[in-house]
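*Asks:* Protein sequence lines, in the order shown, are assigned to chains S and L.
The numbers in the first sequence follow my numbering, run straight up by one, and end at 1867.
The numbers in the second sequence follow my numbering, run straight up by one, and end at 253.
Everything labelled a hint here was simulated from the structure, so no lab data went into it.
Worth double-checking, as some hints may not be accurate.
Using C-beta positions, here's what the derived DEER-type ranges look like [stated by the list, open to error]:
hint	chain 1	residue 1	chain 2	residue 2	range
1	S	Pro1289	L	His221	40 to 48 Å
2	S	Gly1547	L	His28	42 to 50 Å
3	S	Gln1159	L	Ala249	41 to 49 Å
4	S	Ser1510	L	Ala171	27 to 35 Å
5	L	Ala146	S	Ser1510	19 to 27 Å
6	S	Glu1686	L	Arg98	39 to 47 Å
7	S	Glu1686	L	Ala126	38 to 46 Å
8	L	Asn139	S	Ser1510	50 to 58 Å
9	S	Val1834	L	His221	36 to 44 Å
These stretches of chain L come out as covered by chain S in the derived footprint (C-beta under 8 Å, 3 or more residues) [to be verified]:
hint	segment
10	98-104
11	216-222
Quantities reported herein were computed from a predicted structural model and do not represent experimental measurements.
Virtual Cβ for every residue (Gly too), placed ideally from N, Cα, C.
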Amino acid sequence: MSEPARLDPASPPARLPPPFPEWFATKGWAPRAHQLDLLSRAQEGKSVLLIAPTGAGKTLAGFLPALTDLAERPKRRPGEAHRGIHTLYISPLKALAVDIERNLGKPVAEMALPIAIETRTGDTPVHKRQRQKLVPPDILLTTPEQLALLIASADAPRFFAGLRYVVLDELHSLVTSKRGHLLALGLARLRRFVPSLQAIGLSATVAEPDELRRWLVPQNPPGGLADIIAVAGGAKPEISILESRERVPWSGHSARYAIPEVYEAIRKHRTTLLFVNTRSQAELLFQELWQINEDSLPIALHHGSLDVGQRRRVEKAMEAGTLRAIVATSTLDLGIDWGDVDLVVHVGAPKGASRLAQRIGRANHRMDEPSKAILVPANRFEVLECRAALDANYLGAQDTPPLVAGALDVLAQHVLGSACAAPFSADALYEEVRSAAPYVGLPRRDFDRIVDFVATGGYALRTYERYARIRPTKDGLWRVSNPRVAQQYRLNVGTIVESPMLNVRYVRGGRGAASRGGPMLGKIEEYFLETLAPGDTFLFAGKVLRFEGIRESECYVSNGAGLDAKVPVYAGGKFPLSTYLADQVRAMLADPRKWGALPGQVADWLSIQKDRSILPKRGDLLVETFPRGSRFFMVAYPFEGRLAHQTLGMLLTRRLERAGARPLGFVATDYALSVWALEDLGHLFRRGTPSLGRLFDEDMLGDDLDAWMAESWLLKRTFRNCAVISGLIEQRHPGKEKTGRQVTVSADLIYDVLRTHEPDHILLQATRADAANGLLDVSRLAEMLSRVRGRIVHKALDRISPLAVPIMLEIGKESVAGEAQDALLAEAAEDLVAEAMG
Amino acid sequence: MNGAGGRVTGRMRYALATADAPFDPHAASRTAIAGVEAVCDPFGALYLPETRTLVVADLHLEKGAAFARRGNLLPPYDTLSTLTVLGAVIARYDPRVVVSLGDNFHDRVGAALLPDFFRERIVAMARGRDWIWISGNHDPDGAADLPGTSADELHFAGLAFRHEPTAVAVSGEVAGHLHPSATVRRRDKSVRRACFATDGARMVMPAFGVMTGGLDLRHRALAGLFDRQSLVAHMLGRDRIYPVRYASLIG
């Protein structure tokens, strides 16, 4: 918002009232063409989608209609009732709302506009929230969850009666998740309160802008589109891949080898943003940097699990320009503008060209100057991926994921929320829901089953009528059975399902560590803490911590400085490789002419692979087989991402089992899949028992998939999410907010019971749909299987190939599933027999 | 007692209970409690052949309904599943006496609000045998309107049957309450299952209810109950019991 721009002489007929022209003039700026364009369309009463690169003044553009309208509004007379919200701003991130408050505050103060701007997030104290209900600000900056809470209250129609604009920031990121579905339903409700409501969507470049345009306007009748304003990209970023003097590791995600060079880069720049893909990577990188930080450069850490106070301090320091570097996860992914960043370092592979562009957009934040970024691959495959992403970014390639239909578990939550606000008519609510783009195709039957689910669980065995949460009244409206239902709803609103978390409290070490009162460092997943024994050390909040024990809902830790962090944190990839990047990586492997752009040792690695085995052509699937130890391995290289590979691995082992190959296990990475067995797989494939073509046949997605999905732990995890979001099980129970783990019942057990007795239950239907889109990545797998039909290349080797080394290093990190479990028990039981007989 | 252990077996036991497969006696494992012969059945029940007594623990009937009463509409099928498995194991041994070791219902009102069709199934199962309902911490008021006798504990056949195991070392006790489970670890892989835990002096039974979790044998609630030198976990496999010595759990 602080960049100079030239006045467009043919400015559109937007009305820019005083004091705005004067303010622009004193700044020596002129409003940009797209800012005025958006303003004029908004003044005509239209909803608009603005697509612009970072640094194009998107935020000011989005708020200009609201600010100008509010500036012209007559003052409130003494004694006149407080006016409601005029403009609602919704962003996916709490931090973004806080950031916007700061950035918007400046022009408002400089122009002395009588506009109150406030945030409302999960971190907002209760007294402030209550006051906001009585005396609403003109502009409220909030999140999708807070909107859901606001519309679920009885006074929502009054609160939103004066609403004119909704500004949706980072829309491209919101629409791809269940939070987006929740938001879409919220938006539909706001439109019912205020039919003339205008939506302004702000987005980075996306592959299918029409999907977003539909999102912004009611879809009854379907097909309506918001106006669109697209701003061309700014200066090309300068991106390089770190050329290390050290050996690039075969596997792993830490990029430890490159730390000295990363530190050098930080020293040479004013302010550096370091992005990583997971929290544990952030902790590791931060720790490693401080170990060699001889100049004591102010380097900070920022991720979502840290205590909110600590996060705010880091954000303030960043804004004040007192930090030289900040290590961050996706909490800083989106459009936050924090001063003078002149370098972005991306550690690990970016997994998608669009994500990379977004993150690199952080540097400089000025559209007309090139951003500067360094990619630091953590292993050899990531070198290939970084190279491919880099080419893609220069080409402006877009690989945002496709939108999926609105989730039924989110709908269930919304239905309950609707009843909490006021009794509703099923017909009217159905029409309202279908006006939201993600739910435009929702069948009435599914809607009715969801209402039934919300009321009594929707079970065929109808024993819960007396415990119904919502009941139809005499006039056919659904209302909540008792106030406790609304209380439960409010505690559990949202679509972000967390693993049960424990607060981490810092105490003095040694015996009697029960001394309370130390500072809170943040929250960690309970399942991780339960694996620790007192005395174990691990990394968190930028410190080496010594685990002391768990008391109630708190985990006590003490200073472990000087000790090594013994327990590694789960460090798997969080995002799958995008389809587009995967294709680029395959293309690079196939074409030795492209290897010149790779670091020497990586090019050498590929050359040796070419000599020892083969490198597949771009469209081919290479399958290598070789013996190792007492096992026979097959390694396939589809490059489709860990989720799709995991699904493929499960299905292949089922087939190999039937073929008598006696498979023992498999492991999947983003790039490859390895299966091992007791029989000679290479021999079996050569004999055609089974042939590889048969083994990889698409028909595995039929019965095998159904049978496996039913048993899969992945499906159970998906079910847990659906069960929590839909309100079947709660994360928090009234009066027991802190000990959720004691009131919840294992979702796995519920899943088992439900699947046995009512496999067609609406929630299982929702779970299967989710899993096919998400954790199992079935669609991706289906595309791959069809792509490689007749193009599978088998190479039988007598030993491991260079390309197989990275995945072979991953073996032993996965747990067993299915059939193998009883074999393990039998083995342990035999020990007893041997002992008794021996 | 919520948690992870024993989660696989609930559905498996139900599937087997509804199948017509003949029972292989070797799928059960034999042991003795203070000299009394006992059979650990893969369905999770204990059978004492000398007195033709069948023992089950922690049925937690109507757990789904108990949650529904609080606003969490969990599936109402847990009672049906548990009773189906119970019916199958009773058919298998045709016992003279059935002892249910407490936490028969998940909450105090569970027995009183039990739907009639479930009640009728229990009545049918109890016909022609003695049925003892031991009271547990979840259902301290006993079993309302069900066939049989309610008791806080039972001394019978040389053994003491109670819900919670006594804190001090005793001989000849059969108890429930703790939902024991054990974890076998081999080559970085681990499998966790519900189990019968016995050191020859006492027996702590696995939870029989299909929607019940488990507590690992190493948990401090189980510390001091057993002589770990002779402790054996009779783990519930898919269709048979795997006896594993405590010391052999971690291979």
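*Asks:* Hint by hint, say whether it matches the structure.
*Replies:* Hints versus structure:
1. Pro1289(S) / His221(L): 40 to 48 Å: holds (46 Å)
2. Gly1547(S) / His28(L): 42 to 50 Å: Between Gly1547(S) and His28(L), where Cβ atoms are some 57 Å apart, the hint is violated.
3. Gln1159(S) / Ala249(L): 41 to 49 Å: violated (60 Å)
4. Ser1510(S) / Ala171(L): 27 to 35 Å: violated (51 Å)
5. Ala146(L) / Ser1510(S): 19 to 27 Å: holds (26 Å)
6. Glu1686(S) / Arg98(L): 39 to 47 Å: Roughly 44 Å apart at Cβ, these two residues keep to the hinted range, so it holds.
7. Glu1686(S) / Ala126(L): 38 to 46 Å: holds (41 Å)
8. Asn139(L) / Ser1510(S): 50 to 58 Å: violated (29 Å)
9. Val1834(S) / His221(L): 36 to 44 Å: holds (41 Å)
10. 98-104: violated (count 0)
11. 216-222: violated (count 0)
Against the hints set out earlier in the document, violations occur for numbers 2, 3, 4, 8, 10, 11.
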